[in-house]
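Protein sequences, first through last, are from chains E and D. Numbers given in my numbering equal positions in the first sequence, counted from 1, plus 552. Numbers given in my numbering equal positions in the second sequence, counted from 1, plus 61.
Just so you know, these hints were derived from the structure itself, not from any lab. Ideal Cβ positions, reconstructed from N, Cα and C, are used throughout, including at glycine. Do not rely on the hints blindly, as some may be mistaken.
What the hints assert, rightly or not - Derived, one-sided and incomplete: chain E residues facing chain D with beta-carbon distance under 7 Å:
id : residue
1  : 660
2  : 663
3  : 733
4  : 764
5  : 784
6  : 793
7  : 797
8  : 935
9  : 1029
10 : 1151
Stated by the list, open to error - Computed footprint of chain D on chain E, listed as stretches where at least three residues anywhere in the stretch have a Cβ under 8 Å from a Cβ of chain D:
id : segment
11 : 638 to 645
12 : 770 to 781
13 : 1136 to 1142
Claimed, not checked - If we take Cβ atoms under 7 Å as the criterion, some of the chain E residues that face chain D in the derived model are:
id : residue
14 : 573
15 : 577
16 : 696
17 : 734
18 : 785
19 : 786
20 : 1025
Each chain is listed here by its residues.
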Amino acid sequence: MATAALFERRGFMSRPSATTGWWSWVTTVDHKKIGILYGFTAFIFFLIGGIEALAIRAQLAGPDGTILDADTYNQLFTMHGITMIFLVVMPMGVGLMNYFIPLMIGARDVAFPRLNAFSYWVFALGGLFLYSSFVLGGAPSGGWFGYAPLNRELPNYGMTFYSLGLQMLGVASLAGAVNFIITILNMRAPGMTLMRMPVFIWMSLVTSFLLLFAMPIIAVALFQLMFDRAYGANFFNPAEGGDPILWQHLFWLFGHPEVYIMILPAMGIVSEVLPTFARKPIFGYAAIVFAGIAIGFMGWGVWAHHMFTTGLGPVANAAFALSTMFIAVPTGIKIFNWIGTLWGGSIEFKPPLMFSLGFVSMFIIGGLSGVTHSIVPHDAQQQDTYYIVAHFHYVLFGGAIFGLFSGIYYWWPKIFGRYLSNGLGHLHFWLMLIGFNLTFGPFHILGLQGMPRRISVYPDEMGWNFWNLISTIGSGVIAASVLVFILNAVRTRTKGEEAGADPWDGRTLEWSVPSPPPAYNFAEEPVVRHRDDFWHTKYIEVPEKSPRRVLAGGANGHDEHSEHGHIHLPSPSYFPAMAATGLPVMGYGVIYNDTGASWPLIVSGILIIMLSLFGWVLEPSVHEE
Amino acid sequence: MSAQEAALASTQEHHTSTGLDNTKMVMWAFLGSECLFFGSLITTYLLYRSTVLPDSGPVPSEIYDIPYTSVSSFVLLMSSLTMVLALSSSQRGDMRGMRIWLLATALLGVTFVGGQIFEFTDFVHEGLTLGSSPAGSAFFVLTGFHGAHVSVGILMLLSLVGMSMSDKLQPGAARKVELIGLYWHFVDIVWVVIFTVVYLIPLE
Chain E
553 MATAALFERR
563 GFMSRPSATT
573 GWWSWVTTVD
583 HKKIGILYGF
593 TAFIFFLIGG
603 IEALAIRAQL
613 AGPDGTILDA
623 DTYNQLFTMH
633 GITMIFLVVM
643 PMGVGLMNYF
653 IPLMIGARDV
663 AFPRLNAFSY
673 WVFALGGLFL
683 YSSFVLGGAP
693 SGGWFGYAPL
703 NRELPNYGMT
713 FYSLGLQMLG
723 VASLAGAVNF
733 IITILNMRAP
743 GMTLMRMPVF
753 IWMSLVTSFL
763 LLFAMPIIAV
773 ALFQLMFDRA
783 YGANFFNPAE
793 GGDPILWQHL
803 FWLFGHPEVY
813 IMILPAMGIV
823 SEVLPTFARK
833 PIFGYAAIVF
843 AGIAIGFMGW
853 GVWAHHMFTT
863 GLGPVANAAF
873 ALSTMFIAVP
883 TGIKIFNWIG
893 TLWGGSIEFK
903 PPLMFSLGFV
913 SMFIIGGLSG
923 VTHSIVPHDA
933 QQQDTYYIVA
943 HFHYVLFGGA
953 IFGLFSGIYY
963 WWPKIFGRYL
973 SNGLGHLHFW
983 LMLIGFNLTF
993 GPFHILGLQG
1003 MPRRISVYPD
1013 EMGWNFWNLI
1023 STIGSGVIAA
1033 SVLVFILNAV
1043 RTRTKGEEAG
1053 ADPWDGRTLE
1063 WSVPSPPPAY
1073 NFAEEPVVRH
1083 RDDFWHTKYI
1093 EVPEKSPRRV
1103 LAGGANGHDE
1113 HSEHGHIHLP
1123 SPSYFPAMAA
1133 TGLPVMGYGV
1143 IYNDTGASWP
1153 LIVSGILIIM
1163 LSLFGWVLEP
1173 SVHEE
Chain D
62 MSAQEAALAS
72 TQEHHTSTGL
82 DNTKMVMWAF
92 LGSECLFFGS
102 LITTYLLYRS
112 TVLPDSGPVP
122 SEIYDIPYTS
132 VSSFVLLMSS
142 LTMVLALSSS
152 QRGDMRGMRI
162 WLLATALLGV
172 TFVGGQIFEF
182 TDFVHEGLTL
192 GSSPAGSAFF
202 VLTGFHGAHV
212 SVGILMLLSL
222 VGMSMSDKLQ
232 PGAARKVELI
242 GLYWHFVDIV
252 WVVIFTVVYL
262 IPLE
């Protein structure tokens, strides 16, 4: 065919063809492999961020700690925050979304497979770029929120790395977000209407829209910081009339949707796990979906509760106090939905469910302490104390991390074809739950006793010694629980019990394909007739009795249609990873803006990106044989 | 249906749940994101437009040359017209007409960016620089980012022309022109807002 001949001549590099080996991972555009890459990379960063946390706790174990000097301490708590938020919770959620969005909506891949690969490589290289600051004169040390004017005044390159590194991670998030939005809206299997989509898909959609609109705002703030630091601009320079509060507005207008970006995927996971292990459909599907959408909208109207002590005035304070209390309502709806799902179910206490229960219970504590921040005078007492630290660890660790671990235990058999050990899973859960509460529970007390955040030493006579020691012990317990998880994962590779296609008697489409799923996901495009369609192919509902299993259902998970030769999958490509390398090159050019290497680096970065994009555009996404 | 149209249709009409084309939707989503990007930059400018300490150079609005900028705004707006003509040609399969109008669009874009460079040089001589005051920072970063967007657009237009010369644009040429066109019109509309809010609305 003439067009085939035309395609042959396109592109200026031969196509990568490896399907195994490390090179295949660099060039892959398969959403499942990219999901695994995301998850693995995020877990490595989880360990690094955890080690930073242990160092912080070691320093604070007793009064007048001497393990770290103040500057190192500042770098560690800043990088701990940045790591856990941008390099762990977000990418771990994105990893699971990558792997499961196409599988749960009955698609063969995401809408833009190469953009997906690009997103991963920008994220991974952006993370490495940020961490390279440790050996290039010092890491960022102004806190993860990088308040002005400290962010522009701190010496060395740390905060410049912050402005550029977060910018790259933003590019990665934006690329991922548009991809997921189009995938969810446009790639659904026939019959998969919006209100038949699994709740995890809904929450992924809301998260992606939040990313789409939140990332450009932080991008502007980070560009302004970059121009301030590297090129002498005066956005945040009070000496020239610059307004440091501008940074806080831009940062929190991004930053508050950001917390929902982190928690909504976990809420989605929990909404999949609870029905599966309670053996009931989710209670109030429409309510839980609309509550998620409501959180997505209302999340834009609460940012100034981070700024009550900056003197916004009584009207603004009152308005944001009310909106903050109000956003607890949809969150509360979800909690009741989850409890309603468990109520009367035949509950199986497997590790995925344990972590989901951990999520719900810990998130309630964190949510309630969050509502206390909305009361303005109360917030003035809490501002910059450990009480705040307690709150956001309860929602982000007790919430997001527990939810993500729930997802990891739930979907591990699907991804790798083997169960994680049940016993070790329970041990992991209980150690983590106990360690978590030992570590962060005392922060409430310390905060109300007046212990400020971000201090590297405290004197003996403050009365903070006991709870700090308890907290440090707790952090050790958390570390032990993570080691148990690693042991579990390694052990599973060789000794794990083989899981079939449908190990948990699941409800959604991903369980209808073999574990691990074939490259093409579905041999035949599924046709969806119900919410929880896969469940309905296995069971018929009998009024007032428990569901009866259908013998000749679709529950075999076997690939009956092995004639998949006609399925054209997107072909691997060098260009996404290549384009991603241009950004750190440009970044170093800006960092070393006072040297002769600056412009050559920036220009080569731009050239790398342009050349890669040309290659990308000229290469057809599906290679014609 | 001609062979050309058939080839065009075969790449265009992937089945999608909404019936809308994936690439067009992703461009719209991206432009939605860009609204917040320019929105934040414009907000910063509005906050800082008169924030100039004594002896820190001029207030931007004192040195704007409205007639000059009106002409360059007109040039940019006309480029939207030529962009539409390029799209119309490509939809009729008139590759030659498409190339001419794409080049015309790019030329108008280059004229605009050239005018902006001249304006920037002039302002720097007047004492308004990136570092002279928060007002200067806000002005140059806002208009600079807009100029960067126009420049990226010019590169994309020229790439389209280059691809069509070596016969690499087909199939789906009209859709590609439409995508770049969406971006181009968006950047023009942002300029309409910037010209109104930054240049025309006077300081009280």
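Hint check, residue 660 of chain E versus chain D [nearest Cβ-Cβ separation less than 7 Å]: 12 Å, violated
Stated coverage of the segment 770 to 781 of chain E by chain D [criterion: 3+ residues, CB within 8 Å]: Satisfied; 7 residues make the cut.
Closest C-beta approach of residue 1151 of chain E to chain D relative to 7 Å, hint status: Hint on residue 1151 of chain E: violated, closest Cβ of chain D at ~16 Å, above 7 Å.
Given hint residue 793 of chain E near chain D, where the shortest CB pair must fall under 7 Å: 4 Å, holds
Hint check: 7 Å Cβ-Cβ cutoff, residue 1029 of chain E to chain D: 42 Å, violated
Evaluation of the interface hint that places residue 696 of chain E against chain D, nearest CB under 7 Å: This interface hint is violated because 20 Å lies over the 7 Å limit.
Evaluation of the interface hint that places residue 797 of chain E against chain D, nearest CB under 7 Å: This hint is violated: residue 797 of chain E lies away from chain D, its Cβ roughly 10 Å from the closest one there, beyond 7 Å.
Residue hint residue 935 of chain E, partner chain D, criterion CB-CB below 7 Å: 24 Å, violated
Restraint check, 7 Å cut-off on beta carbons, for residue 786 of chain E near chain D: 5 Å, holds
Check of the segment 1136 to 1142 of chain E against chain D for coverage (Cβ-Cβ below 8 Å, three residues minimum): Our answer is that it is violated, as 0 residues pass the Cβ test (under 8 Å) against chain D, missing three.
Coverage assertion for the segment 638 to 645 of chain E with respect to chain D, Cβ distance below 8 Å, three residues required: violated (count 0)
Cut-off 7 Å, beta-carbon criterion: hint that residue 573 of chain E touches chain D: 31 Å, violated
The earlier numbered hints that this structure contradicts are 1, 7, 8, 9, 10, 11, 13, 14, 15, 16 and 20.
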